[in-house]
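*Asks:* Chains A and B, in that order, give the protein sequences.
Numbering-wise (my numbering), the first sequence opens with residue 1 and increments by one.
Numbering-wise (my numbering), the second sequence opens with residue 115 and increments by one.
If you're looking for bench data, these hints aren't it; they were derived computationally from the structure.
All values derive from a computational prediction rather than experimental measurement.
Possibly wrong hints are sitting among the right ones.
Quick partial rundown of chain A residues pointing at chain B, CB under 7 Å, derived from the structure [to be verified]: (1) Gly43; (2) Ser46; (3) Gly107.
We treat Cβ as the ideally placed atom computed from N, Cα and C, and that holds for glycine.
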Amino acid sequence: KNQVEQSPQSLIILEGKNCTLQCNYTVSPFSNLRWYKQDTGRGPVSLTIMTFSENTKSNGRYTATLDADTKQSSLHITASQLSDSASYICVVSTLSGGSYIPTFGRGTSLIVHP
Amino acid sequence: DAGVIQSPRHEVTEMGQEVTLRCKPISGHNSLFWYRQTMMRGLELLIYFNNNVPIDDSGMPEDRFSAKMPNASFSTLKIQPSEPRDSAVYFCASSSEGQGGLNTEAFFGQGTRLTVV
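Could you put together the complete structure from these sequences and hints?
*Replies:* Shown next, in the form of C-alpha cells:
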C-alpha cells in the first residue's frame with residue numbers, strides 16, 4: 001500500500017531559527033514529490049516539486065531534498081518567520097494505469113513563536 | 115484567473131439531508147480532484163477526473179457520496195444522506211497535464227467546511 005509518513009507531527013520553534021521536516025514514503029512507482037504549505041482555513045499551496053533525478057530544490061527560505069534510494073525527503077526552513085506557521089504536507093505521486101495519483105502525508109504542524 | 119472556486123465556503127446541515135458541494139476549476143486545467151480533510155485522517159483523495167471523466171473513485175467512502183463533472187468548468191460532490199461523520203473540510207483542486215503526461219502543480223480552492231449535526 002502506498003503510504004507517506006511525516007515527522008514530527010508538530011513542531012514549535014522561535015522566530016529566526018531553522019528547522020527540518022521529514023517525509024518517508026513507500027509510493028511506487030515514483031513520479032514526483034511535492035511539499036505543500038497549508039495555512040489555517042486555506043487550501044494547500046505548492047512550495048517545491050522534485051522528480052526522480054532531482055535531489056534538491058529551493059524556493060526562497062525553503063529547501064527540499066530527495067533521496068530516491070532511501071525514499072526520504074526533507075524540507076528545511078531557514079530563518080523562520082511568524083508567517084511560516086502552517087501545516088506542511090508531503091505529497092508523493094505515482095502513475096497508475098495512465099493516471100496521476102497523489103498520496104498525501106498527514107502533515108507537520110509548525111508553530112513559530114516570536 | 116480567480117483560481118479554483120468552491121461554494122459554499124461553509125455548510126451546516128442536519129443529518130439525513132442532501133449536501134451538494136460545487137467547484138469551478140481553473141480554466142484550461144483538465145484534471146480535477148476532490149479531497150476531504152479531517153484532523154484525524156489529514157487530506158484524503160476522494161475522486162479524480164481527467165478530461166471530465168472519473169478516473170479513480172476508490173477514495174469515495176461509500177455509496178452516499180457521488181461526484182459529477184458535466185463539463186470542463188464545473189464539478190459537484192454530493193452526499194445523500196449526510197451523516198455527522200461526514201463533517202470535514204472538502205477541497206477541490208485542478209491541474210493541467212504537462213510533459214510526459216505528468217500533471218503540473220495542483221491548485222487548491224479555499225475549501226468547503228461541512229458540519230453535519
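*Asks:* Each hint: holds or not?
*Replies:* Here is how each hint holds up against the structure:
no. : hint   : result
1   : Gly43  : 3 Å, holds
2   : Ser46  : 5 Å, holds
3   : Gly107 : 6 Å, holds
Hint violations for this structure: none, all hints satisfied.
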